[in-house]
Every structure is written in structure tokens, then in C-alpha cells.
Amino acid sequence: MEVPHYHRGFFNSDETLCKIGDGEIGGKASGLFSFQELLKNHLNKSKYTSINIKIPKFVVIATDHFDGFMKMNNLYEAALSDLSDKRKAKLFQDSQLPPEIVGDLRTIITNTSTPLAIRSSSLLEDSLNEPFAGVYATKMIANHEASQDKRFQKFVEAIKFVYSSTFFKSALQYFEATKNDPRKEKMAIIIQEVIGTKRNKRFYPSISGVARSHNYYPFGRSKSEDGVVNLALGLGKTIVDGGISWMYNPKYPKISAPFASPKELMKNTQNKFLAVNINPIINYDPLVESEYLIELDLSDSDFDHSNEYSASTFDFHSNKIIMGTGSEGARVLDFGRLLKLDEFKYNLLINDLLQTCSNYFQSPVEIEFAFDIDKRTKKNEFALLQVRAMFVSNEIIEIEENEFNSPKAIIRTKQALGNDKISEIKDVVYVDPKKFESKFTKQIASEVEGFNREFVKIGLKYLLIGFGRWGSSDEWLGIPVDWSQVSNAKVIVESSLPNFNVDFSQGSHFFHNIAAFKVLYFSVKNSGSNMINWDWLLRQNLSSQKQFVKHISLTDPLKIKVDGRTGNGIISYE
Amino acid sequence: MQTKEFNPFDMAQSQFDKVAEILGLDDGTRQLLRNPLREYHFGIPVRMDDGTFQVFRGFRVQHNDARGPSKGGIRFHPQETADTVKALSMWMTWKCAVVGIPLGGGKGGVICDPHNLSMREQEQICRGWVRQMSKNVGPLNDVPAPDVMTSAQHMLWMLDEYEVIEGSKNPGFITGKPVGMGGSLGRTEATGYGVIFTVREALNDMGISPEDTRASVQGFGNVAQHAIRLYSQMGGTVVCVSSWDQQDQKSYSFKKLSGVDIDELLKITDRFGGIDKAKATNLGYEVLDGDAWIEQDVEILLPAALENQIREDNVDKISAKVKIIAEGANGPTTPAADKVIQERGIFLIPDFLANAGGVTCSYFEQVQSNMNYFWEKDEVLGKLDVKMTAAFQAVNDLAKKRNMYMRDAAYVISISRVAQACKDRGWV
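Respectively, the protein sequence lines represent chains A and B.
Here this note's numbering is used: the first residue of the first sequence is 1, the next is one more, and so on.
Here this note's numbering is used: the first residue of the second sequence is 1, the next is one more, and so on.
Derived by calculation from the structure, the hints in this document are not laboratory data.
Every residue, glycine too, gets a C-beta built ideally from N, C-alpha and C.
Check the hints yourself; a few may be wrong.
Okay, the calculated bits of chain B under chain A, using three or more residues with CB under 8 angstroms as the criterion [as the list claims (entries may be wrong)]: (1) 230 to 241; (2) 379 to 387.
Pairs of lysine-lysine, DSS-like flavour, derived with a Cα cap of 25 angstroms [as the list claims (entries may be wrong)]: (3) B:Lys317 x B:Lys256; (4) A:Lys71 x A:Lys179; (5) B:Lys377 x A:Lys150; (6) A:Lys518 x A:Lys435; (7) B:Lys377 x A:Lys71; (8) B:Lys377 x A:Lys90; (9) A:Lys435 x A:Lys546; (10) A:Lys186 x B:Lys377.
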């Protein structure tokens, strides 16, 4: 793979990508590089004449400069220590970038004036079996200030921040969990133009999305192989971080999601969105990933005229949702106009992309994209931001009916994810159902992390049981952990309580890890044949306990099975 | 080292005359530019540590300030001459112009040998120099800087004296100050790094990767040390470096075919850049004659010591493998040797382009000092690279376009800029 070298006229040329340095370009950048080849040779762009399909220009700082940076500033000792993330980030900020690259970096700033995404692209990231996706930071910078010096300063700060994130607590825990040596990890950095339009001192695409060719969560009549697409207004971080987005089956894009009422729909769809803040005054904090991000209300998109293809309107007279934004009323993001009217052949494009990429990579794929539609500038820009192979298991697991209905079952569900049989787990960590309240979810997350950290040290895998959406960014809908806080859980159960009955998590990022690590995921609403035998669990002797979270250590291992074809899952004692 | 017959000012004038001819400059402009605008010669009386008095000869030459305040270093050297200072001030004018910074050219010096002077005596020379010159230098007129055998400490003494005389704080009066006392981050590295930025661009233009090259370096002072470091970081291999031995009063070359290790050598180097011969031998270096650096089988030669080092008598020793000579020092090549280099088709990066990183960073320091707001090192070095690369490319483009020797192309660009400034001001 021969990636051309950066030259100072790059941003004024037709070229799409290049690299600074001679080292590796990392997993993410390699994916994008393949994507470019694929777009050029395998996708018939003439079928979608009303869409301008592109890969945003990007420059990669190769891994040799990461090595140079670490060595020149003697950073390894501090980086691998247990200093706090902030202290590490500060140390990295106080260090110097290799002098041989700062001139090139300066010219990137001289030649760009729209927001830039500074993204990690490490050697381990997005490799097929161990996706470090989301472990490292991505920092957006507004790159809008009049002063070139100021823009350069913020740019350099962002690069150093992404470098420092290689050694943040969550990353080091991840290394430990995956038995990788952090000294062998090398970070390349992607510098990429953010796709979007400037709208009232904020910059964002009107639509972001993640499309997968295999659906780990097939519901209704969907099949796993139909794939699944998540859409959001604004920056794609909303989807990647597991926030609320619009999920649909790309084979049947016009089928509405099964919400009980318009009010339910409004309650359970995206009502905030993210943008790059290009206000001249921001809170200066180079040690924070979201320094330039701003969260906006859905109503702000009305002012920006950015929701015409994503929003519909609630008509309270008729208690109905009316497609589009032509009438007055509360907006709801169901992407009706985009998916149902399909003015741009967007649906065809998504299906073709999933098909073409799956064939090319010979594996199910995940594609991250932004689709910016701006009527004023007549821009219909579809940008491909990332592609990676997904993990899919091939084993077949059988669960007999008598086994499924066995009286020894302690957890049973028809909504299990994964495909595996496990018989080594003796440790169970559960959130006490008597004490759980959604206002305590942050504290619960912290307690779970405490158990997980100890288990990582001794290499112990466990069964984790909680309520609501694991990994939710909204603490009122579930327990807001990130992957590193539960990284040693081999089986995760999300359940409900009579007074806490939210829709289960179907977040994307988190589940990519779950699938890759073959973690079995049980969604158990206490109804029908789904159940958790709390009586049995609460009778077991506690090994240790915190305020909300308990740990039991059984004498005999549990029998755990999930049949990936049916979604049946069972956990029983011997 | 320097021969008696060699007169750097004659050399600077002959270089100018050649380019004036190419540019077709009128007589008035030629007369103005082939001589300095102003020259100051003065005595600096100093009470020595033993109680005796000694008067040191000091100079300041302001060659041309049509494009901005004069800028140039102050040298402490026993063989200092007024003609050397005049030549160097003229080269400063061209240097500032070729990198496009709004400064003119100046140079100063004192005939003295700091090796034989105590720090107190050196301080007295510095303060005496400023007392003599304070009315004719300053942030808006002429901004001195460190040069041969002067350091940040000397600059600070000079600044202090100047501020006492002026009765106000004027950090922009002088550059090369210590970081934290009005100095700029990156200033120490600037000249050496600047040389390598231009070498990098030349290699890039030739389609050669730095990893496939070796270099031999004359000198082991600040410029050479940082040039070696950056060149090595880029993947190149330095196989030979020469340095001045204070005790033996001669230079030696230190050769290691597997590549010199800069950190290893720095540990056995004295404050004047002299490498310990015995220790170097123990580390596996071959200790050769001082001139051996020039005859190495390398792709790149970096003369980064003093002027008049590549001469008619040793130019033929340059290996056939040499593709690039980057002049880190001022005036290291005599006109006769220059002719041979040109005829042999070796790509030459002329001194006032190759080592302009120092003055460019001095300019950055001056700007920062005048604002009293200081930049991060990444910012300084980033700007430096951009300036140096742009300057190199402009010269290289012109050289290619008009099939000129690089030195001539660089002179054409800078002299035409200065001549234009003089014309625009109505001087000629």
C-alpha cells in the first residue's frame, strides 16, 4: 500500500490523502485508503447523480513521528504510570512535536479554514479481531479564528491530546484486558476536514450515519444480513457514543419504527445534537476532548434550516406526525423525507455501499458517513468517513427446549446477542434490584468500574447484571459506563424493573466491542418466558458488596449459552 | 584556517558585482549597495582582573537598512578585522532579504579571545560596547545578536547596559537572550535546523530519501550540533565531524562510518565545541586531521564552522559522491572554490540561504520581545520551517528557470529586493 507523501500544495490539489512520515498509518487510515480504491474502482457513481460522493481530504501523521515525539520528550515513564488522565494530557501538552513535522503542520493550517477532526489511527485500532474503536480520543477543532497562530496552536494542542489519549486510564485497562503491550502500540493521526456547513456560529452536517451490513439486533421481521443503519442530526459522535439515533433496516427504509404513539416517538428519538462550536468565544481547555463541541436543542436546527430532510412535525390537533418541516409544531427526528421520499437515491446508495464494501473486504462491514444537504448552497455532499470489518461468529450453538425451560435456569431470554457457550464463569456482579434508582446510575457505574478494575488485575471474567441501557450516554436511561469500565465482563445482562422499564440499549459503539470480544448480551424484560430468578441470586452468599453493587462467587461455574440464530439465551446453575 | 591574503569584504563585493551585472543595476545603486551605509570603529577600555587596563577594538557596521532595522551578530574573535565585519554585514542584508523578513543587514565585533578572558572581563567588554554604540542601535535602528564566541549571557549584559542607559525596558533591543528573559524558544536550534530544512528540500527535489544519504560536517558548535541532530532524526547518517581543539590550537576530524552519535559526542565536548580526542577514540571514532572532513565519501557536506574553509587548495579533495553542499557557516567557500563546485555540478545551498534560520528566529524573537508575548516552541519552529522552505523553493525555482547557479539565484532574489526597497525610498 503506497500512500503518497504530503507536499505543501496538497490542500490546493485534487489529491485526497497523503502522509507525513515514513511509518505506519494505523488501522483507521488504512481503512480509508482502501475505501478510496474501492470508490474509484468498484462503485458506479453515475447511478447517484444528485449526490456528490467523496472522501474528505485527509493527512496522516505516520507512527514514526509518534515514536519520535515519545522519545524526544522522554514520555514513556509518565505515560505508563498511574498519573491521572489530566496530568498525562498536561505533560503531553508541555512537550514538543518533532521539529521535522511542525513546518508541514503549519502549512496545513495555512491552507485550511474550516473545522478539522484530529483522529486517532493506531496500529491496534480497527484491526479485525481487537477493535480498539473508541478507546482513543478524536478532537475536533473549529479552525476558524482569524489568527493563523491561534489556529496553529489549537491544532498542535489537539494532536498532542490525541497522542496522550493512547495512555489514558481506559486505554491502559484495555491493553491489560486484551493482553497487549502498551509500549508496542503506535499512534498515527488522521487530520481530516469535518464535513458540514457553517450555520449560525456552528458547523455540522445535516445528517450523520453508521451503516452495518450485519445486524446484531435484528428485531421484528428484520434479518441479521439485512444490515442496520443509524442516523442522527449533527455530528456522528452522537451515534458512535451510543446516544439516541434513528435506527432502521436499509432493506426496508420506509417502514416506520414501532413506536406506540407520536408522543412515544418524540420521547424516544434524538432531541439534542452535536456541532462544532465556531463561536469566537469558547471555554479554553486543551485537556478536554469536547473543547470545541456544542450540544444543541432540536429547535436550533429550525433556525439553521438543517433539519428539512431529517425532521417531521407533530400536529397536536390530529395527534399525528406530518412528514417534513412545512408546518408549525414540535419537531421529531424520524428522517422521513430522506428515507420515504428518497429524492437523492440515498437508499440505493447505502445498500450498494454495504454490498460493495462487504464484497471487497469479504466480511460484514461498518461504514461511518456524513450526508450534508444544504439548500442554500445546493450542496448534497455524501462523505465516507470510515469503514471497518465487523466480527461475526460462525459457530452453531443449539439450546434444546427442555434446557431452555429448565428449573435450574437463573436467566432466560429470547433476546440474547452473540453466539457462544461458556462454562467457566463463577463470579456474578449485579446491581441490587432493591436499591436501584435511575438517579444513582453514575455512582453505580463507578462501583461497577471498581469491581471490573480488580477483576482485570487478576484476569477474572464475570457475569454482569444491571438495569436499563448499559453504556447509555443518558444517565436516566441506564448505567453510563464506557467499555473500559466493564471490559472484563464476559456476559452482560440488561434488565428492567416494574418502575424502570426503558427500551433496551441498541447503541452502536459499545456493541462493536461486545461482538468482537464475544461477550454475550442478554436483554431480559421480565415478561413471558424471559426471566431473572432474583430469589436464587439474592440467596447466594456475598463475596463483597458496595452500596448498590454486589459480588457473588459461586462454587460451581454457571452454564451459559446463546444461540445466535434464534436469539435464545440461557444461564443456569449446575 | 584563514590565510593572510584572503579578504572577505573583497569576496562579498565581487559576489555583489557579479549579480549587479546580471540584474543590470544602475551605478548609483551599485555604489550604495557594494559598501556599508555606516561603520563605527571604537575602543573599549577594560580594567582587567590583574588590575591592568586593556583597550579592545570594537566595530559595528550597518550595511543597509532600506528594508527595516539592521540585524546582525556581535563576534568576539582574536582575528577579527573591519573587513570581515563589513563583509558579514553585507551578507546579513542579503540573508534577511532572501528569507523575506523586514530587516536590514548589520554586524559587529570585538577583537578579543574569550578563551583568555574571565567572565567579568567579558562582561566589561559587552557593557563597554553598548556604551559606545547605544545612540546608534536599538529596537528601531539596529538589533544585535550573538555570533562567534558570544552567547545568551553576553546578550543579557548588553541588554542590561542598554536599558540602564535608556531608562526603560527594551527587550526588543537585542536577540539571542535566554528563554525566560526575553528569549525565544527554538532560537538555539534555529540555525542548524534551518540548514537541514533546506537540505531536506534539496533532497526532495532530487528525489533522494534522507535515509539513503551520509553527511560530513565541519565544526561542532551550536549550528553543527543541531543540524546533525535533525538530519539524524530525518534518517540521515553523519559519518564525520570536525572540531577545534583549544589546547592544540588546531582542528581534528572524528570519523565513524556507522554514524556519529550526537548525544555520545556531546558528553565529551567542551564549552567551545572541542571534542575530547582520547575519549572519542575509546568510543570507536577514528581521529583524523582537521581537513579530513572535506574528503569523505558522502552525499552531503555541511561546512558549519568559519569562513574561508573550502578553498582552491582543498576543493579538489571533495569526493565525487558529494551531491549537496549546504553552507551552515558564513562565507565558507572562496570564489575560486565556488567556481569549481559550480563546474562539477554539485548542488550548493549558499550560506545566506542555508543558515538564515538563525536570523529568521532572531526576527521572531524581536517580534515576541516587542509584544512581550512569547510563543510555544512548536509555533516558532513551524513558522521557521515554512519561511525557510518557501525561501529555498523561490531560489531553487529561479535557479531552474534561468539555469543559474544557486548562489547567483539567491543573490538575484535578495539584491533585487534590497535594490527595489532603496529605489522605493527614493535613495537611488
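So, going through the hints one by one against the coordinates:
1. Under a criterion of three residues with beta carbons nearer than 8 angstroms to beta carbons of chain A, the stated coverage of the region 230 to 241 of chain B is upheld, 4 such residues being counted.
2. Given a C-beta distance limit of less than 8 angstroms, the hint that chain A covers the region 379 to 387 of chain B holds, as 7 residues qualify and 3 suffice.
3. Distance check on the hinted pair: Lys317 (chain B) and Lys256 (chain B) sit about 19 angstroms apart at the alpha-carbon level, within 25 angstroms; holds.
4. Distance restraint check for Lys71 (chain A) and Lys179 (chain A): the Cα-Cα separation of roughly 24 angstroms lies within the 25 angstroms cut-off, and the hinted pair is therefore satisfied.
5. This hinted pair checks out: Lys377 (chain B) and Lys150 (chain A) have alpha carbons roughly 14 angstroms apart, not beyond 25 angstroms.
6. Between Lys518 (chain A) and Lys435 (chain A) the CA atoms are separated by roughly 30 angstroms; this puts the pair beyond 25 angstroms, and the hint is violated.
7. For the suggested pair Lys377 (chain B) and Lys71 (chain A), the alpha carbons sit about 17 angstroms apart, so the restraint of at most 25 angstroms is met.
8. Our distance criterion of 25 angstroms between C-alpha atoms is met by Lys377 (chain B) and Lys90 (chain A), whose separation comes to about 16 angstroms.
9. For the suggested pair Lys435 (chain A) and Lys546 (chain A), the alpha carbons sit about 11 angstroms apart, so the restraint of at most 25 angstroms is met.
10. The hinted pair formed by Lys186 (chain A) and Lys377 (chain B) meets the criterion: a straight-line CA distance of about 24 angstroms does not exceed 25 angstroms.
Violation of the numbered hints given earlier is confined to hint 6; every other hint is satisfied by the structure.
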